[in-house]
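Asker: Let the sequences and hints guide you as you build the complete structure.
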Amino acid sequence: MSATAPTPAPAASGRLGAVVRHRLFWPVTALVALLVVNTVSRPSFLSVSVLDGHLYGSPVDILRNCAPLMLVALGMTLVIATRGIDLSVGAVVAIAGAVALSFIATSPDPGSPATVLVAVGLALGLSLVLGVWNGFLVAVVGVQPIIATLILMTAGRGIAMLITQGQITTVTSAPFKTLGAGFWLGLPVATLIAFGVFGLVALLTRRTALGVLVEAVGINPSASRLAGVRARTIVWTVFALSGLFSGLAGLILASNVMAADANNAGLFIELDAILAVVIGGTSLAGGKFSLSGTFVGVLIIATLSLTVVNLGISPLVTPLFKALVVVAVTLVQSPVARRKLAARPRRRTSSGSPSGSSTSKAVA
Amino acid sequence: MANVARRARLDRRYLPVVGTFVVLALLVALGGVRYDNFLSVGVLANLFINNAFLIVLAVGMTFVILTGGIDLSVGAVLALSSVTAAYLMQAGVPAGVVIPLVVVVGSVIGLLVGVMVHVFEIQPFIATLAAMFFARGLCFVIAPESIPIKDETFVALASWDTWAGGQWRITSSVVIALAVVAVAFYLLHYTQFGRTVYAIGGGEQSARLMGLPVARTKVLVYVVSGTCAGLGGLLFAMFSRSGYSLSGVAMELDAIAAVVIGGTLLTGGTGFVLGSVLGVLVLGLIQTIITFEGTLSSWWTKIVIGALLLVFVVLQRLLTLRRT
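Respectively, the protein sequence lines represent chains A and B.
Here the numbering used here runs 422 ahead of the position in the first sequence, where the first position is 1.
Here the numbering used here runs 614 ahead of the position in the second sequence, where the first position is 1.
Treat the hints as calculated values from the structure; they're not laboratory data.
Hints are not guaranteed to be accurate.
[As the list claims (entries may be wrong)] Here are the computed distance ranges between Cβ atoms for each label pair: (1) 806/B x 438/A: 46 to 52 Å; (2) 640/B x 652/A: 36 to 42 Å; (3) 458/A x 758/B: 26 to 32 Å; (4) 652/A x 757/B: 50 to 56 Å.
Ideal placement from N, C-alpha and C gives every residue a C-beta, glycine not left out.
Answerer: Following this line, the structure appears as structure tokens:
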């Protein structure tokens, strides 16, 4: 949006130019390319069938597998929009799973819905507290977000192991299993939860002034405070939300495997989430965010993981492909590439005017 | 009296490092009081031997953080370097070729990151994240399973040691690590490159207006960090006598934690490479104390390091608050 505004596309390059320059063009292209690769290698890839009253097929798998990442990336987008970053989400995922499963495992009746509700409530409450703690360090103490959350990232897995006593806690509880593996109206419950929360936040930020306030804080915290925005409260809120959403993601992940593994639950999910946010076109410099971009970014990462398996490549090599996608998408979205793209039609119409920004860059 | 006061004011820059040193001394004292054999030369010598690769990583990380950047790729590059070394030596390539080659692998990845950061203006966090995924993926392409190192020259180099003062055991990796520290110290404090690193951290725009070679230096710090990671991988291979794709997971966090505990500000411009070495020693001592305690489970290491990080960050915050 910001790139298209200063250089109105001349009529000659027309609608195509506007489409290419839309901020979602490259992410969506990458997603479509991945889907095409999959469909070519296995023509039945995109087909969805009904089995036992559930939708079944690779697209449904993608939607179900991306649910935890969707939730984490949602919180991450808001945090990054305020010029912050939250490295602790993976640790919060592990803690939430550990708390819920430890509670269910020690309760006398693991199968009763009441037990599960209390466990979920406990886990979400603790995640919210951890998010508030991060927010306190950033908004009140004034620690840089990357360091403030690094503390919890380091200590968090230790805390999760303390809760599970270093064991992998496993339980059998039908109501809890529904969260990650259940279906409702033919769709995976995890997907419905993640998309529901996502829609709710999108509605809250884009239909009220909240989104603009978050962006204002990201552009300049002191200026927005002087303009009457409660910058501190907003930073605090986004970190708290990030903690809460990570906790929810942790519950879905734990319910998927019905086990709490303090070491490996949500490992590297913070990196995947940050990647999804960046692929979606939200700048780490803060000040603007795109929830639709994050949505596409999460789908790209989930599809990529499935593609690697689909092509018969060891999933251990997935990071390599992730790196390639990230480099490709960030390079075409980088300020330098954008400037070149924007400069091309301008040069054609007015060759006399010097384009200041790109030449000064070349000298430096 | 006035003399003391003036010296105290002069030392303000060194205050965070002095803080790290005090923590280190307290940890040594704590260990010495609680456990009988703690204050032996052997324990302290092992501290260096077991953390040689982390010292090298932290030195490289210090350069990057001083410019206000960050390098998340060092753990993965360390793994890539050690796996490449093990793989090539298993294939019969002589150690004399392999050793420089794997260090260069680190430099090349660092160069790619530097170009991404500087030429394409991608945030260091994302560029090094991509490099991390790239290096980690490449490890599994080369060898998914652990490869033992049996090359005679390499094993001889790895097992070389000497006893300084009759008791203090020094291995080849400790010598290499200390040499890296010495070179880094020289580079940072006695060359134009070092002064430019500090200047960029203090203010990139001002450094550019002063006519300093900002572009070259910004690329070079990532080359330095990549080279250190490559060398760290070599030391890790010497330490473990094998190359394994999953080694060094989350080691970048240890390196960053060591740098922060060592008193370097993540905003850049303030910090010392010797502080980072002290930071590594603090992390190593925590590990040692928890091992000596015996009854404490391993997860307490993480919790204690997190708590220590918190204390240091809040202290640094208070220090910078009072200055402004």
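Asker: For each hint, tell me whether it holds in the structure or not.
Answerer: Each hint tested on the structure:
1. In this structure, residue 806/B and residue 438/A meet the distance hint of 46 to 52 Å, their C-beta atoms being roughly 49 Å apart.
2. With their beta carbons about 41 Å apart, residue 640/B and residue 652/A fall inside the hinted range of 36 to 42 Å.
3. The given range of 26 to 32 Å is respected by residue 458/A and residue 758/B, whose C-beta atoms sit roughly 29 Å from each other.
4. For residue 652/A paired with residue 757/B, a C-beta distance near 54 Å keeps the hint of 50 to 56 Å intact.
Hint violations for this structure: none, all hints satisfied.
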